[in-house]
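*Asks:* Sequence:
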Amino acid sequence: MLYTIIDENEIFTQPKNISYFYKRVDNCILEGVKYDKSIMLNRVISTDLRDYLKPEYRLGARMKDL
379 MLYTIIDENE IFTQPKNISY FYKRVDNCIL EGVKYDKSIM LNRVISTDLR
429 DYLKPEYRLG ARMKDL
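First residue of the sequence shown: 379, per this note's numbering; consecutive thereafter.
Simulated from the structure, these hints should not be mistaken for laboratory data. Certain hints may be false.
[To be verified] 30 angstroms max Cα-Cα, derived DSSO-like pairs, lysine-lysine:
(1) K394 to K442
(2) K401 to K432
(3) K412 to K394
(4) K412 to K401
Predicted model, so just to flag it, every value in this text is computed and none were measured.
Generate coordinates for the entire structure from the input sequences, incorporating the hints supplied.
*Replies:* Structural data, given as structure tokens:
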């Protein structure tokens with residue numbers, strides 16, 4: 379049970395028509411979700427742990443091109 383004044387439909391509603399984009403950069407794969415005119419980085423897939431520490435690959439970062 380949720381104790382909130384916000385309607386549960388607003389909390390659990392999923393956005394429609396989600397567009398995912400994938401791009402291979404060096405040795406990793408970047409997944410992004412299209413929002414407005416930019417793409418938000420959603421996931422980094424890599425076997426190199428240093429890729430996860432790169433500031434340009436931080437989750438939630440807005441990118442012009444993916």
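*Asks:* For each hint, tell me whether it holds in the structure or not.
*Replies:* Verification of the supplied hints:
Proximity of K394 to K442 is assessed by CA-CA distance (about 21 angstroms); at most 30 angstroms being required, the pair is judged to hold. Our distance criterion of 30 angstroms between C-alpha atoms is met by K401 and K432, whose separation comes to about 16 angstroms. Annotation: proposed proximity of K412 to K394 holds, straight-line Cα distance about 12 angstroms (limit 30 angstroms). For the hint linking K412 to K401, the alpha-carbon distance of about 13 angstroms falls within 30 angstroms, and the restraint holds.
When the structure is compared with the earlier hints, no violation turns up for any of them.
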